[in-house]
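Enquirer: The residues making up each chain are set out below.
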Amino acid sequence: MKKIDLVIIGGGPAGMSAAISAYNNGVKDILILERAEELGGILQQCIHNGFGLHKFKEELTGPEYAWRYEQQIKQRNIPYMLNTMVTKITKDKKITAVNSTEGIFEIQAKAIILAMGCRERSKGALNIPGFRPAGIFSAGTAQKYVNIKGYLPGKEIVILGSGDIGLIMARRMTLEGAKVKAVCEIMPYSGGLARNIQQCLNDFNIPLKLSHTVVEIHGKERLTGVTIAKVDENRKPIMETKEYIPCDTLLLSVGLIPENDLSRETGIELDPSTQGAIVDQNRQTSIDGIFACGNVLHVHDLVDYVSDEAEIAGKAAANYLNQKAENNIHISIKTDGKIRYTVPQRFTGTQKTTLYFRTADVYENAVIHVRDGEKIIHSQKKRKLLPAEMETITLSEEIIKNVSSNSLLVELEVVKNA
Amino acid sequence: MLKNLTCIVCPMGCNLEIEIDDKNNKSIKKVSGNQCKRGENYAKSEIICPTRTLTTTILTNDGRLLPVKTDKPIPKDFMFECMKKINGQTVSLPINVGDVIIENIANTGANIVATKNMR
Amino acid sequence: MYDVAIIGAGVVGCMIARELSKYQLSVCVLEKEADVATGATRANSGIVHAGFDAKEGTLKAKLNVQGSKMMPKVCEDLGVNYINNGSLVIGFNEKDLKEIVTLYNRGKINGVEKLEILNQEQLRNLEPNISKKAIGALYAPTGAIVCPYELAISAMGNAMDNGIQLKLNFHVEKMERKNDTYYIFSNTETVSAKYVINAAGVYSDYVANLVGDNSFYIKPRKGEYMLLDKTCGNIVSHTIFRTPTEKGKGILVSPTVDGNIILGPTSVDAEDKSDNSTSYEGFQKIMKEVGENVENIPLNKVITSFCGLRATGSTGDFIINMKNKFVNVAGIESPGLSAAPAIAQYVVELLKNDSLKPEEKADFNPKRKSMHFFKKLSVEEKNKLIRKNPSYGKIVCRCEMVTEGEIIDAIHTNPKATTVDGVKIRTRSGMGRCQGGFCSPSVVEILARELNTSVLNITKSGGNSNILVCRTKGGELN
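Read top to bottom, the protein sequences are chains R, C and A.
If you read the first sequence in the working numbering, its first letter stands for residue 1, the second for the next number, and so on.
If you read the second sequence in the working numbering, its first letter stands for residue 1, the second for the next number, and so on.
If you read the third sequence in the working numbering, its first letter stands for residue 1, the second for the next number, and so on.
Please note: incorrect hints may appear among the correct ones.
[Said to hold, decoys possible] BS3-like, lysine-lysine: derived pairs with alpha carbons at most 30 Å apart:
{"id": "1", "chain 1": "A", "residue 1": "Lys369", "chain 2": "A", "residue 2": "Lys394"}
{"id": "2", "chain 1": "A", "residue 1": "Lys384", "chain 2": "R", "residue 2": "Lys94"}
{"id": "3", "chain 1": "A", "residue 1": "Lys132", "chain 2": "A", "residue 2": "Lys114"}
{"id": "4", "chain 1": "R", "residue 1": "Lys110", "chain 2": "R", "residue 2": "Lys74"}
{"id": "5", "chain 1": "R", "residue 1": "Lys179", "chain 2": "C", "residue 2": "Lys3"}
{"id": "6", "chain 1": "R", "residue 1": "Lys242", "chain 2": "R", "residue 2": "Lys179"}
{"id": "7", "chain 1": "C", "residue 1": "Lys44", "chain 2": "R", "residue 2": "Lys209"}
{"id": "8", "chain 1": "A", "residue 1": "Lys301", "chain 2": "C", "residue 2": "Lys84"}
{"id": "9", "chain 1": "R", "residue 1": "Lys384", "chain 2": "R", "residue 2": "Lys352"}
{"id": "10", "chain 1": "A", "residue 1": "Lys249", "chain 2": "A", "residue 2": "Lys301"}
{"id": "11", "chain 1": "A", "residue 1": "Lys375", "chain 2": "R", "residue 2": "Lys3"}
{"id": "12", "chain 1": "R", "residue 1": "Lys381", "chain 2": "C", "residue 2": "Lys37"}
[Unchecked claim] FRET-style restraints, in silico, Cβ to Cβ:
{"id": "13", "chain 1": "A", "residue 1": "Lys133", "chain 2": "R", "residue 2": "Val367", "range": "48 to 54 Å"}
{"id": "14", "chain 1": "A", "residue 1": "Ser378", "chain 2": "C", "residue 2": "Thr90", "range": "47 to 53 Å"}
{"id": "15", "chain 1": "R", "residue 1": "Ser396", "chain 2": "C", "residue 2": "Gly88", "range": "56 to 62 Å"}
{"id": "16", "chain 1": "A", "residue 1": "Lys132", "chain 2": "R", "residue 2": "Val367", "range": "15 to 21 Å"}
{"id": "17", "chain 1": "R", "residue 1": "Asn205", "chain 2": "C", "residue 2": "Glu19", "range": "19 to 25 Å"}
{"id": "18", "chain 1": "R", "residue 1": "Asn406", "chain 2": "A", "residue 2": "Lys132", "range": "36 to 42 Å"}
{"id": "19", "chain 1": "C", "residue 1": "Gly88", "chain 2": "A", "residue 2": "Glu445", "range": "24 to 30 Å"}
{"id": "20", "chain 1": "C", "residue 1": "Gly63", "chain 2": "R", "residue 2": "Asn205", "range": "29 to 35 Å"}
{"id": "21", "chain 1": "R", "residue 1": "Glu326", "chain 2": "A", "residue 2": "Ser378", "range": "40 to 46 Å"}
{"id": "22", "chain 1": "A", "residue 1": "Asp317", "chain 2": "R", "residue 2": "Lys88", "range": "46 to 52 Å"}
{"id": "23", "chain 1": "R", "residue 1": "Ser396", "chain 2": "C", "residue 2": "Glu19", "range": "46 to 52 Å"}
{"id": "24", "chain 1": "C", "residue 1": "Gly63", "chain 2": "R", "residue 2": "Lys155", "range": "21 to 27 Å"}
These are computed hints drawn from the structure, not numbers from a lab.
Backbone N, C-alpha and C define an ideal beta-carbon position, used for all residues, glycine too.
Pulled out of the complex, with its shape left as it was, chain R reads as follows (with noise of 0.2 Å):
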């Protein structure tokens, strides 16, 4: 059986980020493990630009961003299995995983940083009445056909779901000559970034259909139809609104799941507003020497960030195997409902921490207030907050050293409702 001291379980921005700082920070054993032909993740497939405006100050395509932290992975000879799927991990941080050259085989690690990003949504969670014919995408699947493989899933498309990925699908589809007759959301509010509906939607004129669903679906073989329908306010189909819209294809942005499969069977302990695992300021989970960053800790908007949390996970990784890992206090942190969660859900250590946190709703000149039993030891005003996009509120050393209580609540004022 290999011995490693740190593995790394996906080799997407997450996993190419943890393990550069894992490096940075003194591991020089490392091993990533990644079940695509390539290292990048889902950034591959994610050809449009918009990626590092943070990180690197520029307008990067997916791949030229994955291209950024790969390079620095054959910089370091930092090594990594492609083809290899992990299929089970235990608490004591055996890995047991599969490809064609070395078979199932073991790993037993020293540490282990969860980086298996996410998975989206499919049409059998959403219950829409009708046939099963051909033509139903989820966007992503939609987007490695058409990016990666080279094939148009259809020619005629409606949208459901304003998320940001069925919104680049529309133009990527629309600029390889499909038509896309509408994106529709349930929620009033679209689900993407104001720059993709610009960009994405009114650039082509595709009407974007708010506070409507797919109520069924047409055709037997392939995709006839849909019929779509106007909600209420509980977000339940208005019969009467009904509307048939002919077309062959219907892509599904309805939300993505971080892909906590083996975390679950492991037994890590998981938080079901972020579907991913609860983690410490450090990213490590409730079992000593697992961290997770990244999608599959909770699903972010911006890889930017994606990449920063992947860093403190690294460096959090190689401190544990160094042994300098300090957990010397237990705060948890909790959320007023108007905040949907925050990650980290506790601290166990002092140092300067940011909060990634999402609303649950949207709100405009909010202010979040952080509580310590009946103080609040700390403010911060946000102009517009949205549950599309990850926020940040960040607690020095000393704020965090003087909290007395076991537990903090963040929590949002609302100054006026949008």
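Once you have looked at the hints, place chains C and A on chain R.
Expert: Showing chains C and A alone in chain R's frame:
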């Protein structure tokens, strides 16, 4: 004539209202709704000559796809023409990130460059 | 010319084919779709019923009990998963308890073994998540679960290994009988046979009409289902029924052999014989009723839903008869799956009692390598296989851990898969929680490569159900 735009310069996403001369749709009379000067500048460029970076793929000589982009923004109205030109060509491998695939595409002054290494 | 032509490759047609393949007969199976098991066999509860439900004295009762007894050996020979998990019919009031006693007595008359009536405490000990309002139950330890299309595919594969021919995409348009021979016409082909077995499911009345037999009709009845994620797998371990009504056995909650939980079916008359669409009303009904039977069902863990069409015969019982060497095997609704092995034997007996006196094949092999053989291997055995054939080391479907080697097997093993759904029902690739989001591009590519055709020709389930429309860049490369 009034045109509405969402500003994309910063996350505020201000709703811009732009009054355009009825006789000349590239002549702006007034911009409102912006909370800063950058929004006004964005509105002006969007009306007078909106530009976009085009990202797409090009066929390689071994049947795979190479992701590419324009190395600077091109006028929005040229996007489909550029797509046509790119789709009509194949590129020989090996290719490195940044290699110019098509120079001065459609006379826009922008080059089509590779965004990935492929061999 | 064939000795026997079987029309319909559902579980009944497949089991009859297997039964006939034991004899020195030339047999072919004609199936209108692009794969076997596409009708009711694809979308049903997968229950091997104990046999207390069908009315005493009916063919349903007799063949159910017989079939249920035969099933373990059939599954063992074919390498099909079979779990003897037991069934419970739960009651909430005095009327239900009376019905349970009726079922108990009927079961005894039908020959069902080990039946027991449980009180509330015994019921809750067996199934802690049963509704607290349930006051008693009929317990049938001989009830079991099986994957219906796995059974059909395996039976057909075994039949083909033993010499049966399968013709897919053969839609019977016309039939004639001349000189003791049946001529069966599709749009492109003609098959002739001495005997014809009509196992055409919801279309068996259509097929019977083609030879002038108008003695019965089939009313299609929809049964909608919802499937829960494997993480819900241990909510119940038995198959949970309510007391039945005239519309049928009602909505059940059951584990599947693969570890999911299946909810359903509803029972609603279908508009036509091809209307297997799901509906809001169906979802609502299922969610409401299962919640009444079992507590804490996580309905937010639904991973897919689907609908099957029951072939409800106008006589109320199975319609199995022979006239002029034309055998009807019609109206096979529940307990059709359970009865399938017995139906096959019964039909072959009909043929033998006619003039057909076939000799048995000396080299008949009842066994087929399990569809799941790879999953059952030890790590050492898997590695040995991977060294010989590296495609077994490449996992394509992450959710169900399906390797490329298994997908290739599905494409090259009788009955061979030619569609994405065909690969799915043979390997489970695409049946996990991401429902093919990750694996389907690879499955499409593997199919195209193995079938030596363009990716553009790969379909979901035959016909016009192509997955992809064209290349993205001008020109058709491949």
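Enquirer: Hints the structure violates: just list their numbers, smallest first.
Expert: Per hint list: 8 and 16 violated.
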